[in-house]
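**Q** Here's the letter readout for the chains.
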Amino acid sequence: MPMAITPETLPARSTIDRMAPPSGVGDKVFRWLTLAIALAVVVLVFLVGWQLARGSSLAIQKFGFRFLSTSTWDPVAEQFGALPFIYGTAVSSLIALIIAVPLSIATAVYLTELAPRWIRQPIVSLIEMLAAIPSVILGLWGIFVMIPWLREHPFPLLKKVLGWTPLFSGPIYGVSMLAGGIIIAVMILPIITSVSREILRSVPNLQREAAYALGATRWEVTRIAVLSYAKRGLFGAVILGLGRALGETMAVTMVIGNTPQIRSSLFAPGYTLASVIANEFTEATTDVYLQALFEIGLVLFGITILANLLAQLLLKTMGSSLTTPAVQGA
Amino acid sequence: MSRLDNRNFVWRKTKSSLASAATFVCALLVIAPLGLVVFHLLRTGGSAINWSFLTELPKPVGVAGGGMANAIVGSFELLGLAALVGVPIGVLGGV
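Respectively, the protein sequence lines represent chains B and D.
According to the numbering used here, the first sequence holds residues 2 to 331 in order.
According to the numbering used here, the second sequence holds residues 2 to 96 in order.
Just so you know, the hints here were simulated from the structure itself, not pulled from any lab data.
These numbers were taken from a predicted model, which means no experiment stands behind them.
Incorrect hints may appear among the rest.
Claimed, not checked - Dumping the calculated DSS-like pairs for lysine-lysine here, alpha-carbon to alpha-carbon at most 30 Å: (1) B/K232 x D/K16; (2) D/K14 x B/K232; (3) B/K317 x B/K232.
Sequences and hints are given; from them, build the entire structure.
**A** Following this line, the structure appears as structure tokens:
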């Protein structure tokens, strides 16, 4: 912290005399210490990845690429194919994104551009509280409140209107891919909303003023000057949400039905990568079983890391576009 | 000519208000789960919370009474340990 040097902030003369001349050793030690710890965080990520790969070596050798492309999950016969889980993770995350992205971006727009000032802070706090709800509690609520309600009202309606498509056909159990997607949507709403809000806030006011000067209404300013400017950053926010969605475990496990199968209907139960690890780790009695679960972890780890890297890349290009001539000319 | 302009302007104004209303509804939908979860928790679990629930150890199955003191203490212990490990590394790494 730079401090203004005034006679008051200077130590008494005698203290200065007693202090050793600044050697810089302390500075150096502190710099190395912080560097080491920053690196330790990165090393931790690599260690996790390495450990997962080592833990699954047997399964990788035994099944090879078939692990990713077959869909038999039979611990008794020791046949393991992860396709239903990969499918379940992908579909439930996709449903979550389809629900959560429009809602959270609209909310972010409302909170930064359209809402009256007094209402903004309360809504932001409420959304942060939503992010703080533990996953298990959301799952519990999903089982006891959301699923019965979905089974009674929205699902039959969906079936009546869209039942002719394969997506909404078949029997309605309640626990389903769709329910899993909805619960994930609830869990990723806060993160997408708050990241989008930060991005919209980082749009320079010059943009807005220019559009207002042309006589645009509030919504036109938002659409033309703000949203088109922030497009890429918002996309990054969505990918960040996707990273969260892929790894969601507890709440999804409780509502998705936990059946390793691939069905075109969203009313059918499914299974996700994260859920199978949570459910079966304690039951894995044979080496191959355990290693297959490790390999599932490796797949999940790889997918989430990729999604996060993509998001970081997009957010970064958004940040650097602040200095591109196109904007300065706006 | 000027009437046409005026009508256009009114339409644009309306559209702006509609957008505000639509995004407001979205914001409500986003915070709705919070309200629903808290409401349900309080309705079904609120009556079960009393002092002994928070301070007593669980009784064996079949015996009435007992509480969740061990789980509550355990959560806090875990929180403390996690903070003890995570905070120095996070702060120093951030510096």
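**Q** None of the hints should be skipped; say for each whether it holds.
**A** Results of checking the hints against the structure:
Using a Cα cut-off of 30 Å, the hinted pair B/K232 and D/K16 holds, with the two alpha carbons roughly 21 Å apart. Note on D/K14 and B/K232: the hinted pairing holds, with a Cα-Cα distance of about 24 Å set against a maximum of 30 Å. Distance restraint check for B/K317 and B/K232: the Cα-Cα separation of roughly 13 Å lies within the 30 Å cut-off, and the hinted pair is therefore satisfied.
Consistency note: the structure conflicts with none of the earlier hints.
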